[in-house]
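One letter stands for each residue in the lines below.
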Amino acid sequence: MKVKRTVLGLAVFALLAYGYYLAMYAAPTEATMGDVQRIFYYHVPSAWTAFLCFLANFMASIVYLVKRGQRADAFAVASAEVGVVFCTVVLVTGPLWARPVWGIWWTWDARLTSTLILWLIYVSYLLLRKFSTGGQTPVLAAALAIFGFVDVPIVYFSIRYFRTQHPQPVIGGGEGSALDPAMAKALLVNWVAFMAFAAILLTLRYRLERLRQRAEEAHILKAERADAESTPGAEIGRIR
Amino acid sequence: MNAAVVVPALARARPPGFWSVLEATLAKDLRLEWRSKDAINPMLFFALLVVVVFSFSFDPTAEESRHIAGGIIWVAFLFAAVVALNQTWSRELRNQVLDAYRISPAPANSLFLAKAVGNFLFVAVLEAVMAPLFMVFYNLRPLGSSWQLALVAVLATWALVVNGTFFAAISIRTRSREVMLPLILFPISIPALYSMVAATTAILAGDASPVYWIKLLGVYDVSFTTASLLLFETVLHAE
Amino acid sequence: MGKFLFAAYAITWLIHLSYVCILGRGYKRIHAEMNEHRSGSSSDESAH
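Protein chains in written order, with this note's numbering: chain A, 1 to 240; chain B, 1 to 239; chain C, 1 to 48.
Just chain A, same shape as in the assembly (with noise of 0.2 Å):
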């Protein structure tokens, strides 16, 4: 088990490094950018992993709302906590792009916006989850995790227009547009890495979910039971 843990994690470690020498190295320089452009191999494949992160989310709170298991929770809060931070780093590298190119640190893009408001929501859901009292955290929490991923369309069709109204330097000539061969390969090849290295930090924050609400049960359960042993006979007939 322990093997199969390490294997995969040195696995994982090798596609990111050999993600990073594509994108260094191999791919060719971009024609008017420069080298900063690389910054694109690590910009665009965050971007896409938070997506797959929150739509995770979404699908989770949904299993959450209608059968009520721990799991489904677990996994909601890990992947809206990690796709948080593919989140960031997409906020955080895009300007580090923008900056060199067009001598400007924001540009309201449509990637950089959709991703700032997609920070956004999902900064608010993990803070209503850190603020919520009581014990039904995670069922206010599913509400609004549906409720921002009911968003996502519509803050893409608004931003969409929003961009024809003020033309804006498109950060990455390869959306859409084609790629050379030699760029499309590193971007592919980060994006799994990417994924594979989400994957793993899903796991691990879900595993702390689960202990922290086994811990919490237990706590429950002792406080229960010492409640139960200092009232006489208050044990029969307790209300939950």
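Don't take every hint at face value.
Within a straight-line C-alpha distance of at most 30 Å, the following computed DSS-like cross-link-like pairs (lysine-lysine) qualify [claimed, not checked]: (1) K222/A <-> K67/A; (2) K2/A <-> K3/C; (3) K185/A <-> K28/C; (4) K3/C <-> K130/A; (5) K28/C <-> K222/A; (6) K28/C <-> K4/A; (7) K185/A <-> K4/A; (8) K67/A <-> K130/A; (9) K4/A <-> K130/A.
A few chain A residues that don't get close to chain B, going by computed Cβ distances all over 12 Å [claimed, not checked]: (10) L15; (11) M24; (12) Y25; (13) A26; (14) A31; (15) R71; (16) A72; (17) P153; (18) D227.
According to the in silico footprint, chain A covers these stretches of chain B (three or more CB under 8 Å from chain A) [as the list claims (entries may be wrong)]: (19) 174-186; (20) 214-221; (21) 227-235.
What the hints contain is simulated information worked out from the structure, not anything from laboratory work. C-beta: ideal position from N, C-alpha, C; glycine also.
Using the hints, position chains B and C against chain A.
Using the frame of chain A, we list chains B and C on its own:
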């Protein structure tokens, strides 16, 4: 207004029809508010203050004021709406009425719609007070169609209020509940906010068509009203 | 130009490593809590 009064009142409605509960709850809220005016008065003054503060901060005499007025107005309305939304459930909480609603057979959605419509009316009153003031301070005269402006106002206000009422029910179960509501409401409202500002600016400046934004607001309203109706019962019963 | 590229890659990994550290701290804390719980329930022959 407390639990002892509400439960028998709701039980008397046999069967507790959707519309009768909605009407009863809405009527009760409006009547209570009319008698005490304890929410509307400070909110009206707050609305006036917001208009004045914004007018000082964003120069109304500037050339481009017609183009930024839309944004200023809706941000002001948004802040006023949050103040209104934060007290949506406070009366119920004070008197343990929420528990009565939970155990009563009355459909949860009629409670939600009653609250949402009540909030809509509150915010509409605030807007009705603030809008003329903005028109005066910013020297506005819509170059586009006025009925379109009214349509935008209705759709936009509902967009804020429907999610606001739902999230208010969620945020009452958090620490620092007054800040939790805008915290979870604003990110999700961003596309609606952009649409309402874009539509208003298009109409005020008369230089673009607001139709796309009106449609998007419509889609937003339908999506989130549906989501709220589907999920409110779950949220109400959560502890 | 090279420094922006370097910063982008470096900060990306900084963010990921920070998250891993946060997870690590979380694991440490939960294990500590579970051990304390185990030793704390002295008379209780329960569960684990």
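Verification of the supplied hints:
Among the hinted pairs, K222/A with K67/A is consistent with the structure: their alpha-carbon atoms are about 26 Å apart, no more than 30 Å. Taken as a hint, the K2/A and K3/C pair is broken in the structure, with Cα atoms around 39 Å apart against an allowance of 30 Å. Distance restraint check for K185/A and K28/C: the Cα-Cα separation of roughly 39 Å exceeds the 30 Å cut-off, and the hinted pair is therefore not satisfied. At most 30 Å may separate the alpha-carbon atoms for a hinted pair to count; K3/C and K130/A exceed this at roughly 37 Å.
The straight-line distance between the Cα atoms of K28/C and K222/A is roughly 22 Å, inside the 30 Å bound, and the hint therefore holds. Proposed proximity of K28/C and K4/A is supported: the alpha carbons are some 23 Å apart, at most 30 Å. Restraint check for K185/A and K4/A: satisfied, since their Cα atoms lie roughly 28 Å apart, inside the 30 Å limit. Using a Cα cut-off of 30 Å, the hinted pair K67/A and K130/A holds, with the two alpha carbons roughly 23 Å apart.
Restraint check for K4/A and K130/A: not satisfied, since their Cα atoms lie roughly 34 Å apart, outside the 30 Å limit. Every beta carbon of chain B lies more than 12 Å from that of L15/A, the smallest distance being close to 33 Å; the non-interface claim holds. With a minimum CB-CB distance of about 35 Å to chain B, M24/A clears the 12 Å threshold, and the non-interface call stands. Against chain B, the non-interface label of Y25/A holds: every CB pair exceeds 12 Å, the least being about 39 Å.
With a cut of 12 Å on Cβ distances, A26/A stays outside the contact zone with chain B, its closest approach being about 39 Å. Here A31/A stays apart from chain B, with its beta-carbon at least about 34 Å from theirs, past the 12 Å limit. Listed as outside the interface, R71/A is consistent with that label: its C-beta sits roughly 19 Å from the nearest C-beta of chain B, beyond the 12 Å cut-off. No beta-carbon of chain B comes within 12 Å of the beta-carbon of A72/A; the shortest separation is about 14 Å.
For P153/A, the non-interface assignment is contradicted: its Cβ lies about 9 Å from the closest Cβ of chain B, within the 12 Å cut-off. With a least beta-carbon separation of about 19 Å from chain B, D227/A lies farther than 12 Å from that chain, consistent with its non-interface assignment. With 7 residues having a beta carbon nearer than 8 Å to a beta carbon of chain A, the region 174-186 of chain B meets the requirement of three or more and the stated coverage holds. Using a Cβ-Cβ cut-off of 8 Å, 3 residues of the region 214-221 of chain B lie near chain A, which meets the minimum of three, so the contact claim holds.
A stretch counts as covered by a chain when three or more of its residues have a beta carbon under 8 Å from one of that chain; for the region 227-235 of chain B and chain A the count is 4, and the coverage holds.
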